[in-house]
Amino acid sequence: MELIVQGISHRYGDIVALDGIDLEVREGETLALIGPSGCGKSTLLGIMGGILAPSAGSVLVRGAVPAGSLNPQTYIFQDFALLPWRTVEGNIALALEHHGLPAAECQARIADVLARTGLAEFRQAFPKQLSGGMRQRVGIARALAVKPAILLMDEPLSALDAQTRELLMEDFLALWLRERITAVYVTHNLQEALRLADRVCVLSRRPGRVREIVSIDMPQAERVTPAAQAHLAGLHDRLWRLIKAEAQVAEREVVDV
Amino acid sequence: MSEARPVTFRGGGFVVVPKKGAALVAFVGLIALWEVSVRFGWISPIFLPSPTSVVEAFWELAVSGTLWLHIGQSLKRLLGGWTLGTVGGLALGFAIGVWSLSRAVGLPLVSALFPIPKIALLPLLILWLGIGETSKVATIALGVFFPTVIATFSAIDGVPRNLIRMGQSFNLPAADVLRKIVLPGALPGILAGFRITASIGLILLVSAEMIGAEHGIGAFILQAGNLMQTDQLLAGVVMLSVLGLLIGTGLNRLERRLLRWR
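Quick mapping for you: the protein sequence lines, in order, are chains A and B. Following the working numbering from start to finish, the first sequence increments by one per residue and tops out at 257. Following the working numbering from start to finish, the second sequence increments by one per residue and tops out at 262.
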């Protein structure tokens, strides 16, 4: 499925967070949204999945919903958003229960995603018993259980430590290379964007506008090779130049909330 | 190079260490001191009867059946009033927590009525409902109602918004969001409220029974006081303390069962 963003603007009171965003997420691609903090990346992602109402503009989807997809646009959250009173299994079941699936299919879906995320032995554990990385794996498993057409990820790795982040990035890649789910990946981490994305959309800061869209024309599998490093370093520099000045402003700003 | 010196340890203390048995020893010691003081005539038994005579009085009440009569009456009032107030309080608390309109209307009302000491309304309730059971139950219910409302909607306010958004992002129907996310998320706060309302209920029970009742622990204590039967009076106080302890234990069990995930 494709996602088309048309003229999205959003304001919080007097502050214009997003201003006239036009964007297309193509079938099967991973689009990274990067930008300095406060540029409205998360706001845009919320609007894309219909959990935030934009002040102006519209979001459209094109293409058929794949068979068995219960929730075409599915989120993976930065803070995992797991219910602490439900087990791993119960948290995944939450996304399925209200669809009235036959019990056998529900169980099959849960078993399938638990196996794919390496959580099979933790199915009875409560979230508080799991490490941050394992918790996010539950978040991923829950998202996969509804067979999403578009994955919307809001800084899914930024609450994790560096090593766990590496491990989960590998998992994400393995998943995408196999399934090719259309994905929007919000991050402020250039390395993550360069590693995972097919295209990187750079947003400017307040008001958030699309500054540039950079294509990374190199398959994800090749990006870890030494030969690829020079090319990626060049892209990294280019992206960093695009956001550096604004990141500096953002860093020196007094937050007034 | 000068000589090496050991680093002195300075991180001790300020840590709570469990001391087993200390509480029991203190408790027994205190009661023994009390018993001895009365036996040696340091304290007049008319003002403070010895622990043994309190136990004796308690035993006599239990054997004669008066104890069960008073406890039965009191429990009926407490249970009735507390249940009524809790059910009503949960309903309004949920409404205030979930719907903006009921919050706009309900919150100022609750804030205005909550500070009234509910026992002050008993004379009015007696005029309306008669001197019988209804006015006492209503007093307890009113006293329990407002704290329950406040505990419930505060607990709902404390449910993380991101969990609710998560539920919506998976297309959960509103009823499911309420039942599977809001209610369990608010449960710890609601149960903490039960603890407070149980003690409020007990206070109002005794006060209401002292104002006008034939039976009940409050009435019994008042009568014993009027007749200078301090051993019976204290037996009544012990009943209340046991009752409070039992309620507390019950709530602990309930919390442990319902909040296993914490």
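Bear in mind the hints are in silico, worked out from the structure with no lab data behind them. Note that the Cβ used here is the ideal one computed from N, Cα and C, for glycine as well. A hint or two may mislead.
Unchecked claim - What follows is a set of in silico ranges between Cβ atoms, one per label pair, in the way DEER data are often shown:
id	chain 1	residue 1	chain 2	residue 2	range
1	A	D161	B	R256	44 to 52 angstroms
2	B	V15	A	V249	52 to 60 angstroms
3	A	A111	B	R256	29 to 37 angstroms
4	A	R123	B	V15	19 to 27 angstroms
5	B	V16	A	A67	30 to 38 angstroms
6	A	Q248	B	E3	33 to 41 angstroms
7	B	V15	A	S58	55 to 63 angstroms
8	B	V7	A	D161	44 to 52 angstroms
9	B	V98	A	N189	34 to 42 angstroms
Claimed, not checked - Beyond 10 angstroms from chain B on every Cβ pair, some chain A residues (computed):
id	residue
10	N71
11	E121
12	A228
13	L232
For each hint, the structure was consulted:
no., hint, in the structure
1, D161(A) <-> R256(B): 44 to 52 angstroms, "33 angstroms, violated"
2, V15(B) <-> V249(A): 52 to 60 angstroms, "47 angstroms, violated"
3, A111(A) <-> R256(B): 29 to 37 angstroms, "31 angstroms, holds"
4, R123(A) <-> V15(B): 19 to 27 angstroms, "38 angstroms, violated"
5, V16(B) <-> A67(A): 30 to 38 angstroms, "59 angstroms, violated"
6, Q248(A) <-> E3(B): 33 to 41 angstroms, "52 angstroms, violated"
7, V15(B) <-> S58(A): 55 to 63 angstroms, "60 angstroms, holds"
8, V7(B) <-> D161(A): 44 to 52 angstroms, "31 angstroms, violated"
9, V98(B) <-> N189(A): 34 to 42 angstroms, "38 angstroms, holds"
10, N71, "6 angstroms, violated"
11, E121, "19 angstroms, holds"
12, A228, "35 angstroms, holds"
13, L232, "33 angstroms, holds"
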